[in-house]
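Participant: Turn these sequences into a full structure, and let the hints guide you.
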Amino acid sequence: MSSLVDPDLLFPAEPSVRRIARELYGLVKSLPIVSPHGHTEPRWYALNEPFPDPAQLLIVPDHYVFRMLFSQGVRLEDLGVPVLDGAPVETDGRKIWRLFAENYFLFRGTPTRLWFDYVLSDLFGVTEPLTAANADRHYDAIAECLQREEFRPRALFERFNIEVIATTDGALDDLAWHRQIRESGWQGRVITAYRPDAVVDPDFDGFAGNLDRLGEITGCDTGSWAGYLDAHRQRRAYFKSCGATSTDHGHATAETANLSRAAAQELFNRIRAGSTDERERRLFRAQMLTEMAKMSLDDGLVLQVHPGSWRNHSPSMLKRFGRDKGFDIPTSTDYVAALKPLLDAVGLERDLTVIVFTLDESSYARELAPLAGVYPALKLGPAWWFHDSPEGMRRFREMTTETAGFYNTVGFNDDTRAFPSIPARHDVARRVDCAFLARLVSEHRLREDEACELAPELAYTLAKKAYRL
Amino acid sequence: MSSLVDPDLLFPAEPSVRRIARELYGLVKSLPIVSPHGHTEPRWYALNEPFPDPAQLLIVPDHYVFRMLFSQGVRLEDLGVPVLDGAPVETDGRKIWRLFAENYFLFRGTPTRLWFDYVLSDLFGVTEPLTAANADRHYDAIAECLQREEFRPRALFERFNIEVIATTDGALDDLAWHRQIRESGWQGRVITAYRPDAVVDPDFDGFAGNLDRLGEITGCDTGSWAGYLDAHRQRRAYFKSCGATSTDHGHATAETANLSRAAAQELFNRIRAGSTDERERRLFRAQMLTEMAKMSLDDGLVLQVHPGSWRNHSPSMLKRFGRDKGFDIPTSTDYVAALKPLLDAVGLERDLTVIVFTLDESSYARELAPLAGVYPALKLGPAWWFHDSPEGMRRFREMTTETAGFYNTVGFNDDTRAFPSIPARHDVARRVDCAFLARLVSEHRLREDEACELAPELAYTLAKKAYRL
Amino acid sequence: MSSLVDPDLLFPAEPSVRRIARELYGLVKSLPIVSPHGHTEPRWYALNEPFPDPAQLLIVPDHYVFRMLFSQGVRLEDLGVPVLDGAPVETDGRKIWRLFAENYFLFRGTPTRLWFDYVLSDLFGVTEPLTAANADRHYDAIAECLQREEFRPRALFERFNIEVIATTDGALDDLAWHRQIRESGWQGRVITAYRPDAVVDPDFDGFAGNLDRLGEITGCDTGSWAGYLDAHRQRRAYFKSCGATSTDHGHATAETANLSRAAAQELFNRIRAGSTDERERRLFRAQMLTEMAKMSLDDGLVLQVHPGSWRNHSPSMLKRFGRDKGFDIPTSTDYVAALKPLLDAVGLERDLTVIVFTLDESSYARELAPLAGVYPALKLGPAWWFHDSPEGMRRFREMTTETAGFYNTVGFNDDTRAFPSIPARHDVARRVDCAFLARLVSEHRLREDEACELAPELAYTLAKKAYRL
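Chains as they are written, first to last, in the working numbering: chain A, 1 to 469; chain B, 1 to 469; chain C, 1 to 469.
Since the hints were derived computationally from the structure, they do not count as laboratory data.
Treat the hints with care, as some may be off.
As the list claims (entries may be wrong) - Only pairs whose alpha carbons sit at most 25 Å apart, straight line, appear in this in silico DSS-like list of lysine-lysine:
1. A:K319 to C:K294
2. B:K319 to A:K294
3. B:K240 to B:K465
4. A:K465 to A:K240
5. B:K294 to C:K319
6. B:K294 to B:K240
7. A:K294 to A:K465
8. B:K95 to B:K325
9. A:K240 to A:K464
Facilitator: Below is the structure:
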């Protein structure tokens, strides 16, 4: 580690607690990375081409970065973020980088700052804090690195000590990149995850066409409920053949339903016929979560639910820049009533794993820990998205552990598109967990030998086990 | 204390803060236990029989324990939890104990672990952490203790230094065990509390029959509103004669109502006639909270409201195992609108005490502290159930004190069926409060002499005062 | 500072963190006070008359003080709080003061206690903790001070090192005191802020008459939508001429609307005709927030929204004592849906500043930080009202910084009527922020040089910049 990342980063200041945290961290800092949920591109590992310039790699695609700059008056066009109608945006990586460097102070106190400093220092060997004054020098240093063999995706994958990484791919994806990776002979374990939103959510762009396409791909009759379900089964099997151990569902709410076969069929028919009734469309999404859980019982795929984000809150930003531009805003989310139909159906199954995430921290202690602390099928996903941060992860542990314990949680997800930041994100999570454990030990709530057992479980084992990797 | 419970348990690591916490704890650790709200069996104190084997005492009846094991795939049958239809379950205490010991690591970071270690060590003299390897030895040691005179209920009551303990008994209960205790000449102060859910909640099993029975017991005409209210008054008086100083109400929400006499009478008639209108049934429960508060004004009983739990979330578990099996899940709970009718009616009364509990911590700072910080009749119950834990109690103090102060809170409730764990629970609460006060002192927000005054108030005096004991 | 306020007040106990906090605090403790939002009386600065007796200055008008005493059974009449119907109340300041002193222990752990001790010690030179025993002596000492020239409002303003203070004045106010201040030649900068609730909220007492009066004052036809909007524009311009840089809106919810001109006009006509339809009245308030934001785009006034308080929760207290008696209770507040119409209309404007406050801390991390962390027009107001306290401000930083950063926040508001407590309130805020920064530095999440830059920004610069002062 260089001077940008202190060896004691995120450890409590009190010397006796810090000593314990250091010791625990020593047990986990070099463990392989298990990344069971993320959004890196399989293409990168398949083609193994050099990454583009520093700005295109680190700034332009990272909505954590550009949303903060935008909130302070920086135009997205000046950061090189593409406009849907093709209007010109900044393409000079150096200019984008300078603009970022001038505004880097805005990230003080944010996890982006921690991740970014880690990447600068640990990956690119930069030792001086980024400022407007040294922006060009840093840019050159990084650009130089990116041209080298050892900064290509596969080399980084190995350098990062990634044992396995999952991408997230749509139900209609042919997984060609994944096949190409497997056929390439490269040993890196890159697996897929089944994300069927486009063929499950009637509000998804082009839903009807997506169902037609699903029929073509699978040879199933997606005009009928039975055929539609069969098509899912086929795709799930295909995804499994490309390594998938999980499915992922980005619904707006945690609502589930468990209709009779006849009622589900009738609902499907109305939805297939293009029903615009919002309640029916919601009910269909709700029903499909339960269907997916039932299929998981058969094929063993772990089901992940990520509810609670109001996507694309600003219509004019959506229109100009498209999705994923920082305008996804969390909302108050209910789980107790919402998950009940699914839990009534399959919640007591010991061979099923349903991992629930939340953006509403008020549900941690109130709803999610009590639910996960009793239903065998339910596990808690880690602190997610806005809460994937030191304070967020600390609150997660403080608010879930006493009711759900550690063993109903599933380790860390980096959940990121930002490939270079993956080690930074896991490092932050490991440090925060070690700091939490160190506090428990220092307050005699846990013995040190137990913390030494738990630290690697939180950093590594629980993720492998929960995701069946 | 043995090696399983460190003398500095739960005290902050920073030496100067720890020193203050220790000092404060020294003032309270030996204070008598006031337990104004709980669920131990009056039968135990009446008969004073030996407790059964270690598993039947410590595991089988404790839903904190078996729900966690169940969440990780252990079958309740294997833990000896009785099945309603009489299907066979494990009855060998030793086997149950071993299964528990093998899985004891699951409780790391939970309050159950703290309580359990305290019981093992302080009550049974066990000095070695429980593991699969020593399970049998621990079992034998505990079993041996349980056969001794000094481990009978009354002896433990005295050893625990319990000044007074309240049980919770249904409105139809004859309180025979309480009478027997009083007549026995034993000096232990075991009192009752009036819990009328079965005759107040139209959704309660056998509600209509319960009202008939209430009429028989009291000689009041529970077919009329006036007679029904009179019956409550009689029962309350009878409970008072068995020591009761409080009533307790486990409604699903905090909803209250304050109908005119005529409207209430009409509503009662519809309910008595078996109305299935859910709004009417809710309104009746709401109205009855206000009626109870008005009766409290007359007879001085303290009213406790415990809302916000979705009881028996899993219907198949309810059907197989019955109530109280860990499937009660907290929900988002409103107080500001819900309590208004009751507060409009009696909230300004200085001679009334209404104690409100919550399972929704987001209401602490937002609703409950502001309400208790102005209405003379309202006090805050302690951190409850899932939140009766170190982090939960810390959050309670951090989120309520600045608005409601300490003096609008009512000390600690152990709220437990697990008799042997009562000293452990009070000890944890005392330690957490001392740690909180120590932080205030160390940050010069409170003088040390004030903290020395407050510590015994939080541990002892406030409970006595609030519950009129 | 005297012995009542420790130099290390509110700093973490751990010596290395405390050292950093002290150092940061050293940079800000003497910075001028910028008070962009408050409720002091412009009359005080205009007339510069001596303040009345200690009780009338420090107790009778402070709802933080008397609500706590009331919650513990003290009658407001005995504290000198005026009754609307003119019934007699205590007028002997010394008696009121004694009653307060006897009950001063009730404030342990509250911010009122910190502020009060600061005032006693820093302003009045009292060195002994207030008790019943020394109440009279303290009273005499304060009373003696209040007769001196240097305790008159303008002298205190200067002694407090107030660079600028904003009062809050109704839309119909003639701002005569403000004009008098300006014409007096005194250099103290006292500005106004535009609070149009009385002419924007159809539920406001005398709304129709208020609109007539608005028409008279401005010469606009407030019988028409266009004239009504013009009247606002005129008043805003007039307020600007008396220094206003902001408007303030105390709506019950954060609801906004963005109707077409025709629909808005029609709605206005119905409201002007006295519509009693609650939905229409809500919609009108919602629409007016957006109208105000649009006017802000033109005239540069910063818009403040303060939603989420259920005003005058107790009707009998309202009837007897009037508004602002401690019975305003926070409620669960939505921002994501509520602010959308306004944000859709003007949220992307870089020249607009909308400052949002909340009483619902569960919205900090879930809603407000994500919104402020992307919309250029949106900034987060500081921890407010019940949350303007050490724990409240700490939670504010912990729950907003990681997503919104520091620079989407706007410094501190004292928001107070209690003029003598202004330095105390700013001091507490500065200390809490320094403690927070010190923790970040000690955990290597921020460099010390960055914290040294941030501390004065949080204490001084951000408020000036956000409020355009």
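Participant: Assess, step by step, whether the Cα of K294 (chain B) is no farther than 25 Å from the Cα of K319 (chain C), and give holds or violated.
Facilitator: Answer holds: K294 (chain B) to K319 (chain C) is near 22 Å, not above 25 Å.
Participant: K294 (chain B) and K240 (chain B) were given as a pair; does the straight-line alpha-carbon distance stay at or below 25 Å?
Facilitator: holds, 16 Å
Participant: Would the pair K294 (chain A) and K465 (chain A) pass a check requiring their Cα atoms to be no farther apart than 25 Å?
Facilitator: Cα-Cα ~20 Å, so holds.
Participant: With a cut-off of 25 Å on the C-alpha distance, tell me whether K240 (chain B) and K465 (chain B) pass.
Facilitator: holds, 17 Å
Participant: Can you confirm whether the C-alpha distance between K319 (chain B) and K294 (chain A) stays at or below 25 Å?
Facilitator: holds, 22 Å
Participant: Just to be careful, I want the Cα atoms of K95 (chain B) and K325 (chain B) compared with a cutoff of 25 Å; is the pair within it?
Facilitator: At roughly 20 Å apart (the allowed maximum being 25 Å), K325 (chain B) and K95 (chain B) satisfy the hint.
Participant: Would the pair K319 (chain A) and K294 (chain C) pass a check requiring their Cα atoms to be no farther apart than 25 Å?
Facilitator: Distance ~22 Å between K319 (chain A) and K294 (chain C) Cα, so the pair holds.
Participant: When you check the alpha-carbon spacing of K465 (chain A) and K240 (chain A), does it fall within 25 Å?
Facilitator: Between K465 (chain A) and K240 (chain A) the Cα gap is close to 17 Å, so the pair holds against 25 Å.
Participant: Can the restraint linking K240 (chain A) and K464 (chain A) be considered satisfied, given a maximum Cα separation of 25 Å?
Facilitator: With Cα atoms ~16 Å apart, K240 (chain A) and K464 (chain A) stay inside 25 Å; holds.
Of the numbered hints given earlier, the model fails none.
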